[in-house]
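Protein chains in written order, with our numbering: chain A, 1 to 346; chain B, 1001 to 1346; chain C, 2001 to 2333; chain D, 3001 to 3333.
These aren't lab readings, by the way, just hints derived from the structure by calculation. A portion of the hints provided could be inaccurate.
[Unchecked claim] Straight line, CA to CA, 20 Å or less: simulated DMTMM-like cross-link-like pairs of lysine to aspartate or glutamate:
id, chain 1, residue 1, chain 2, residue 2
1, D, LYS3145, B, GLU1341
2, C, LYS2323, B, ASP1321
3, D, LYS3175, B, GLU1066
4, A, LYS294, B, ASP1297
5, D, LYS3142, B, ASP1297
6, A, LYS294, B, ASP1259
7, C, LYS2323, B, GLU1328
8, B, LYS1317, C, ASP2321
9, B, LYS1294, A, ASP340
10, B, LYS1123, D, ASP3088
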Amino acid sequence: MSRQITTVQALNEAIKLAMRADERVIVMGEDVVGGTGLPHLEEQNIEAVGGAFRVTKGCSVEFGRERVLDTPISENTIVGTGVGAAITGLRPIVEVMFNDFLGYCLDAVMNQAAKFRYMYGGKANVPLVVRMPFGAGYGAGAQHSQTLYSMVTSVPGLKVVVPSSPYDAKGLLLAAVEDNDPVIFFESISLYGLKGEVPEGYYTIPLGKAEIKRAGSDVTIVAIGNMVQRALQAAEQLAAKGIDAEVVDPRTLSPLDEDTILASVEKTNRLVIVDESNPRCSAAADIAAIVQEKAFDNLDAPIKRVNAPHTPVPFSKPLEDLYTPSAENIIRAVAEVVNDESIIPV
Amino acid sequence: MSRQITTVQALNEAIKLAMRADERVIVMGEDVVGGTGLPHLEEQNIEAVGGAFRVTKGCSVEFGRERVLDTPISENTIVGTGVGAAITGLRPIVEVMFNDFLGYCLDAVMNQAAKFRYMYGGKANVPLVVRMPFGAGYGAGAQHSQTLYSMVTSVPGLKVVVPSSPYDAKGLLLAAVEDNDPVIFFESISLYGLKGEVPEGYYTIPLGKAEIKRAGSDVTIVAIGNMVQRALQAAEQLAAKGIDAEVVDPRTLSPLDEDTILASVEKTNRLVIVDESNPRCSAAADIAAIVQEKAFDNLDAPIKRVNAPHTPVPFSKPLEDLYTPSAENIIRAVAEVVNDESIIPV
Amino acid sequence: MSNTQTQQTQANILSAEKTRWIYRKMVEIRKFEEAVIKGTRNGSLGPFAHTSDGQEAVAVGTCAHLNEKDYITSTHRGHGHSIAKGGDLNTLMAEMAGKATGCDKGKGGSLHLADLTKGNIGANGVVGGGLPIACGAGLTAKLTKSGAVTVAFFGDGANNQGVFHEALNLAAIWKLPVVFVCENNKYGEYTWNGYATAATKISDRAAGYNIPGKTINGNDVVEVYQTVGEAIERARNGEGPSLIECETFRIQGHGISDPQIYKTEEEKQLHLTDEECIKKFKSYVTKHQLLSDKEMSEIDQSIEDTVEKALQFAINSPYPDAKELYTDVYVSY
Amino acid sequence: MSNTQTQQTQANILSAEKTRWIYRKMVEIRKFEEAVIKGTRNGSLGPFAHTSDGQEAVAVGTCAHLNEKDYITSTHRGHGHSIAKGGDLNTLMAEMAGKATGCDKGKGGSLHLADLTKGNIGANGVVGGGLPIACGAGLTAKLTKSGAVTVAFFGDGANNQGVFHEALNLAAIWKLPVVFVCENNKYGEYTWNGYATAATKISDRAAGYNIPGKTINGNDVVEVYQTVGEAIERARNGEGPSLIECETFRIQGHGISDPQIYKTEEEKQLHLTDEECIKKFKSYVTKHQLLSDKEMSEIDQSIEDTVEKALQFAINSPYPDAKELYTDVYVSY
Ligand SMILES: Cc1ncc(C[n+]2csc(CCOP(=O)(O)OP(=O)(O)O)c2C)c(N)n1
Ligand SMILES: Cc1ncc(C[n+]2csc(CCOP(=O)(O)OP(=O)(O)O)c2C)c(N)n1
Ligand SMILES: [Mg+2]
Ligand SMILES: [Mg+2]
């Protein structure tokens, strides 16, 4: 079997390849190096950490502290600086340590990055990538565990990427860096440690193309980010019960590959959407609204959405486990759309 | 006919009634007084403006500058101060001058106001109202014309109100101030000048209850905020063509009165949702997703959404006019769901 | 220094060419704003605008040091900055009217004038919005060693916004070639800076970032030229950012229809005094015999024509095609 | 002042009762944090925590002046603040374990310890998040004339966040009874304050808000007690906010598993020196004969028991019921 690496390693590799390929690519964020300015580290070109999740590990060592920049804690200015650098010729990859801190940097994301091209009549390009870890599952509580890609998807002018595997993470990140529009790149924290096959070289996965992660004929499961893994688990269990599920990973929420999703639904006539966002105005709702409109006559059952509940993320482990959509939740939703309760695990 | 006043006057009246009824109610925001600190104004108890849109006009004069506070331009701290004041016993009404500045204050809204009660185990109350004017239509361009209630609706812990008339504006604002949860109160700028009948006294409209603004039997039009007025215009034109539309105004997006919407669809079997948000992950998508799931068997046609396009708001008047959903757009959508092209105006 | 010496030194500050340029630009901005006020009132332009008449000295004295590779970020009160940074009056005015020939194809409007080819990264409708962007432009200049300097214009109101603090701190620790030029016109909308800002002088805040901070008379274009010039020089030499507070006043209110009841009678008359920046510069150039009255009135006249033509250009230009609503959102999608 | 005089004055600073309270609280926090480290490592508590061992003097010296009506806002490194503000060790520890008996019913965790009945408005996982909230509590106190003071704890890293600037400015212009206490432990996660903060001293930034600013030895609880005490007094008297920077160090890294390679060998040994705050206070009380060794070791012993019991309480408490996932989102919905 070929090389297996974690999502963190895959992302790290993508960043290094991007930086080697194009010297305009720079990295900035809190602790992306760690210890900048400390003589005892700088003299030996040692980084203190390489990112809170180690995604930028070794970057400063290879590319120098000119291109890999620790920042003060000031999210709006970090992203805003990325916007200004992008508009004037660099291609920054900015790390926001948790997507929750969109609370501080939404202006730079929504009012600056997303709107410059349009409000300046097409004369500005903002080739910026903002990386944001997201999601619940590791006991960090309400302010460090949200899933906010739906919010960002609502903003015209932004592209939104949510990879579901190490392979996709690398190829999508390289595509995001090559892209000339601002891309918000959501990284599921719960996938960081997941291992998968990843080629060593440079490759890109086009933004706006979904992938069928598992072909099937009885029901379509559209799943986003880490939920793809859960959907695949559910599909295995469903297969044992004689239900053949097709798992579709949109890979990017903006642009959204409606065609692949619609083609799948045309085949299966049933749709479940799995999304770790809270339910209201979520990506799941968005996809459901589109599909019911465009594939109305193909649907044999209502589209079911599997979301986190309409609550903040609880800290307590058993509550947090209940909060995040599980394979069982998915199976229950499938049972409803195929109208077969017997498949629900007891 | 009884008293007709504008939405601005209705809101102003609500604020004053709330301040008279409960001395814990305070008002803060940029220019809600205007000219605070200037001796030549303060000596005569003159306000310079009373809010950018005059919604707080006269409040400082009646209630004093202790309870009506001009703030520096610093949205996150304005809202965050409101959160802190609410949690410790006041009932602040905070004005954010345009909902676009959610870009700066999302942390206070999403990570603080919305989450305090939950993350402190139910021990905190945040009786805060944040008023945010929104919407396109008056030539202010991309950063002053957005419609962001969908984004806020996605956040558990918040209530979201979007009134569609002077009467509703007053009653809903009074209810919001009485409410013990944080309420984000979206005011359509294009309705500010609209006149309507409004009783003089104190009354509240319950949060979470939709209203049928026009009864009808052929198609349901769910419309939000200023779109209710457009939907009513469309309904008049449709009536002339023999289509009897029912116009439902959810009034609050969170909580959402699903029952009223579902009952209407059960009757008409057809649904159009009109929402000035950009389409992706919008309130329209949200309602469509809910209805297709819960009223699947009642739907005779796909649910159509009428949204602004997936673009920032253009400045140029003719483009901006095209940007905002019009009565004609609504009629076109109705024509599709009733499958009758003849009703489209030529 | 003796009085004669001072006068000589003063007279040497500005070359003949610079003097003409500065005078021309100040008058250009003033006439442009007057046309904007007229066009806004009579409906030929957009429904509102924040004009910068009265504050010309800051934009012009600053941009007199900048070349096309240098950057500026501007504000909601940005017409003057755009003109001083080399913007074309026709396309600027057409933008104000939302026309297809506008610098943003009519999509931006008064709040979003920009011309990237001239280093004008754009007016920003968000108060404080340009400050982090300026850091980014500064970072590009620093990393690419382009030698470019970025000037971030912002108002007294913006100085209380969190990004002010963040951007100054970042620019300071990275020694970015950015000059923060505060136009203190005493008000943010209808709120008095003396109330909203805890610092006695806004430039006092520079000490918190270990960078030079100065407060100057922003109505005196020569003082702006000198002081901001030093800061730009510093930035260009890799010595990092500065904060310059220019005290000035706006002739209009916040917008065009603001009755300005917060101003005292004295303040309302300020533009009739010697503090009015064009009058001030006129006496300066006259005193130092840099421009004759005749030269100045020739310039005035030619600008009068140019601005009138710009307004006609705006009025006669077509609106954007309906399909323009959907373009320019993305490079590709 | 002569040496003897100083000593006398010093000795008078703390009453016997205060001395005991301070000693007790500092040791309580230290032992609590040690238990947290143990419990986190062995899995009986949550997966991570930011402990405040080493920084006890700041929390305790400050809260020694506060009564139950006063407020604090705290940070992600907030265990010490919660304890100093009167938190119950059992419910705090249970919260750390996500148990139903926790101060937040297990829903908050280490990052969100709060006890509103004790005036603890809560730890905040967002760096800087508590600063505007503190202004709000200050506003309530001011308007209701409750006499309450609010202390906003925050780190050196937080001092570069925009809300720091906004909150200090607002508190200053409104003369809010808020004291901003900065715990400068030299690092924000793994980033050195000497790099991230442009100011030489964080307290230098106070000048930009026209409020008093002081930098003190945050390892010396007596100095904290005195200086913050004065600031609290000022606030209580309606004279407005202050900024106090307390220089200290954290014994652990950012989290419990941080290898701390950014620290020099010398820094790693700091807690073995006389700068370690409990040792420092011990020599102080011994020198001034305020507590005997015996008294102190009795206190130590009783705390050892209390903390051990708290840990057992946490371990033995039940998890919240599944339905708790859905409660406490709204008062009504
Ligand atoms: C983030 C944000 N908050 C509020 C506003 C509304 N607003 C527009 S201009 C202005 C005042 C700005 O004052 P100042 O920075 O002094 O600039 P000036 O208008 O005096 O040039 C305000 C509050 C805005 N555009 N952006
Ligand atoms: C807005 C925000 N940005 C980033 C983080 C991640 N983070 C948690 S603690 C921390 C460092 C804070 O440093 P400081 O304020 O000095 O506090 P200390 O940890 O030293 O007590 C960071 C960056 C966060 N929680 N919130
Ligand atoms: Mg101003
Ligand atoms: Mg620190």
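Right, here's what the structure says about each hint:
1. D/LYS3145 / B/GLU1341: Given that 20 Å is the threshold and the Cα spacing comes to 67 Å, the pair is violated.
2. C/LYS2323 / B/ASP1321: holds, 13 Å
3. D/LYS3175 / B/GLU1066: holds, 12 Å
4. A/LYS294 / B/ASP1297: holds, 17 Å
5. D/LYS3142 / B/ASP1297: violated, 58 Å
6. A/LYS294 / B/ASP1259: violated, 25 Å
7. C/LYS2323 / B/GLU1328: holds, 18 Å
8. B/LYS1317 / C/ASP2321: holds, 12 Å
9. B/LYS1294 / A/ASP340: holds, 18 Å
10. B/LYS1123 / D/ASP3088: Status holds; Cα separation ~15 Å.
In summary, the numbered hints that this structure violates are 1, 5, 6.
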